[in-house]
Structures are given as structure tokens and as C-alpha cells.
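Protein chains: 2
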Amino acid sequence: MARVVVLRLGHRRERDKRITTHCGLVARAFGASEIILSGEEDNAVMEKLKDVVERWGGPFEISYVKNWKDFIKEWKERRGIVVHLTMYGIPIQKAINEIKEKFKDSDLLVIIGAEKVPKEAYFLADFNVSITNQPHSEVAALAIFLDRLFQGKELEREFENWKVKIIPQKRGKALVKRDS
Amino acid sequence: MARVVVLRLGHRRERDKRITTHCGLVARAFGASEIILSGEEDNAVMEKLKDVVERWGGPFEISYVKNWKDFIKEWKERRGIVVHLTMYGIPIQKAINEIKEKFKDSDLLVIIGAEKVPKEAYFLADFNVSITNQPHSEVAALAIFLDRLFQGKELEREFENWKVKIIPQKRGKALVKRDS
Numbered sequence: 059m060a061r062v063v064v065l066r067l068g069h070r071r072e073r074d075k076r077i078t079t080h081c082g083l084v085a086r087a088f089g090a091s092e093i094i095l096s097g098e099e100d101n102a103v104m105e106k107l108k109d110v111v112e113r114w115g116g117p118f119e120i121s122y123v124k125n126w127k128d129f130i131k132e133w134k135e136r137r138g139i140v141v142h143l144t145m146y147g148i149p150i151q152k153a154i155n156e157i158k159e160k161f162k163d164s165d166l167l168v169i170i171g172a173e174k175v176p177k178e179a180y181f182l183a184d185f186n187v188s189i190t191n192q193p194h195s196e197v198a199a200l201a202i203f204l205d206r207l208f209q210g211k212e213l214e215r216e217f218e219n220w221k222v223k224i225i226p227q228k229r230g231k232a233l234v235k236r237d238s
Numbered sequence: 059m060a061r062v063v064v065l066r067l068g069h070r071r072e073r074d075k076r077i078t079t080h081c082g083l084v085a086r087a088f089g090a091s092e093i094i095l096s097g098e099e100d101n102a103v104m105e106k107l108k109d110v111v112e113r114w115g116g117p118f119e120i121s122y123v124k125n126w127k128d129f130i131k132e133w134k135e136r137r138g139i140v141v142h143l144t145m146y147g148i149p150i151q152k153a154i155n156e157i158k159e160k161f162k163d164s165d166l167l168v169i170i171g172a173e174k175v176p177k178e179a180y181f182l183a184d185f186n187v188s189i190t191n192q193p194h195s196e197v198a199a200l201a202i203f204l205d206r207l208f209q210g211k212e213l214e215r216e217f218e219n220w221k222v223k224i225i226p227q228k229r230g231k232a233l234v235k236r237d238s
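Protein chains in written order, with this note's numbering: chain A, 59 to 238; chain B, 59 to 238.
A couple of the hints might just be wrong.
Which copy is meant is left open, because identical chains are indistinguishable; a pair holds if it fits in one copy or across any two.
With a Cα cut of at most 25 Å, we get these calculated DSS-like pairs of lysine-lysine [claimed, not checked]:
1) K75 / K106
2) K211 / K75
3) K106 / K162
4) K174 / K75
5) K177 / K108
Don't read these hints as lab results, they were simulated from the structure.
Computed from a predicted structure; not experimentally measured.
Sequences are here, hints too, so could you generate the full structure?
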């Protein structure tokens, strides 16, 4: 099956540490295979995400790329399509069918930016897609995009090699812990 | 029509300023009528959200409540149902139909917490609902919950009294600005 990789542009170590962490966690929880960080290198965020994979399961990869433009160009040549999530783009409800059609036989790179995304990203992307044209959050945009792409099936995703797992409860908390 | 209000518990001024801002922006963009902050008072976050309403339109209310337990109890007596979003809860795909049924004739309070939510919230809530049982983000959980509740119609929401508005583009950016 085709894979989804998330590319987080323009990470700033101090300002974005929690938002970027949330982006990584959403990528994993909603069915992407990998998140690639760009911008300032940040071991703390990468370790935090690796720790979640270690405890809650995978597979899910975390890596860093310095030259994101070259990375995107190579992706387009060798792997597949590029979707850039931006409030300026075409509404997801209009774009999703064409994207799903292409996703059947090629991998998909989702680009999400921090505050200001360089113009080149808009031109490198095959699709500039908005999740509403209102200001909100790249965390929310990523979640809604993956939910539409996977049609809700990502909510049922089972992880491998977990050490901790939740048993859903009407009230309170229940956890299974195991060695693996 | 019944209204949705979001209650953000346990805000910490330094640590949560951006995440709480994103929660407020998502609440507005995805069709809620109001966000109520609790925890530490934070004028900077409230002003930031009010500024977005001023420029991008409303209606959308922002307020603060100190005693959130009393607030929830009063909500249940006078206004409607309470949904607490938590990774420990019942999966949304199992709970959403019953919630939608009740939402037809009563307002709905969505509770989202910061790091650790006090036990009482689980017991005051009518529904403890998970958006996957994996660790991710209250920002994403709120977006997915509202998207399911409003069945995607929130993506078409038009705002009133806006001064700035985006015209969706395949590439690049287009904004309308007006006095209002």
C-alpha cells in the first residue's frame, strides 16, 4: 500500500517545540509512516517522538532533512505526489478525490509549515490544499487531511511492538503494560 | 440550532500559550460558538484570539472561568450535554451517533485538557470520547470531533463582519481586505 510521509518545514527550536511534537504525534496516530523535520535541528523533539514509538508502538520513522527543496524534488522524481497544506489553497472537499485517485499507486508527501512558508513550497507542491480558509493550526489541518485521505480507517489502526496500550473506558483509565 | 462551546482546562501561561491558541482557533474555524479558558488566566492568549475574530470575522466568543467544576455542573442543569475528549475514552466512531442524537435539542460542551485532567472531569462528563487511543494532540482531537459532529459542513462555514478573507488558489495567495 502507498505510504504517507509528513514533512514539517521551518521548525524553530524554542518557539515550535510543542507544536512540532504534536504534528509528529498526529502523523503517527493518524496513519502516516514517517515525519521528517526541517528548519532548526532539534534532538529534544526527535527523542520525544522516538520515545512515544518505543512505548506505544510503530512502525513510525522520525528523521531530519536540511535541504528540503532538494528533498521534495527527489520525492517527485522517485516516489510520488506532494500535497502542501495551506489556508490559501483549494478546499480539501474539492481536492480530495483527485488526490485519493493518485494516492492509489504513488506515495504521498504532506508538507506542513510553521509560521511563514517560502513561496517555493507552493510551486513545488502538486496540490496546495486548505482545511478551511481560516487561520487555525497545522496540527488540526494534518489530522483532518489524514482522516479524509484514509476515510476514517486510520482511527482503527493497530500498532506493533507496543509496551503500553489503552483499553477504552466509559469513565476513568485502563492501561495494559507488557514487555516486548 | 444547538450550540457548541469548548472548555479548555488547566491552561498554563508559559507552557501552553501556543497550544491553547491553536485550540481556540480550531474551535472558531470548525464551527464552535465559544471557547472558555480555565487554569491560569492569560490575557495574551485571549487578546490573540479576539484579534483573529476582529480581522477574520465571527461570531465567536472568548471568555475565562475560574471554577470549572461549578461551570460544568451548571451547564448540565441548564444547557445540555458534556463531552470530554480523552485518549482513555470510548472511540468516537462508536459514540458519535448517540452524541449527535442528543445534540439535536441541547447545547454541547466539549472539554479538552492540558497535560493531566483531574478525575472529576471524567465523572462530570456525559461522554468520555477518544479520537484514537494513542497519544497525540488536543488540537487534533478537537478538530476531528467537530468535523464528525458537523459532518464536514463546518468546512463551508461563512463568517460575518470579516475584514480579511482568502480566495482559494491553486498556487500562491489571494486575500480580500475590506473595511467593515
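Hint-by-hint comparison with the structure:
For the homomeric pair K75 and K106, the shortest alpha-carbon distances inside one copy (10 Å) and between copies (20 Å) are both at most 25 Å. Proximity of K211 and K75 under a CA criterion of 25 Å is satisfied in neither setting, with 29 Å inside one chain copy and 32 Å between copies. Proximity of K106 to K162 under the C-alpha cut-off of 25 Å is found in neither arrangement, the shortest distances being 32 Å within a copy and 41 Å between copies. For the homomeric pair K174 and K75, the shortest alpha-carbon distances inside one copy (16 Å) and between copies (19 Å) are both at most 25 Å.
Proximity of K177 to K108 under the C-alpha cut-off of 25 Å is found in neither arrangement, the shortest distances being 31 Å within a copy and 29 Å between copies.
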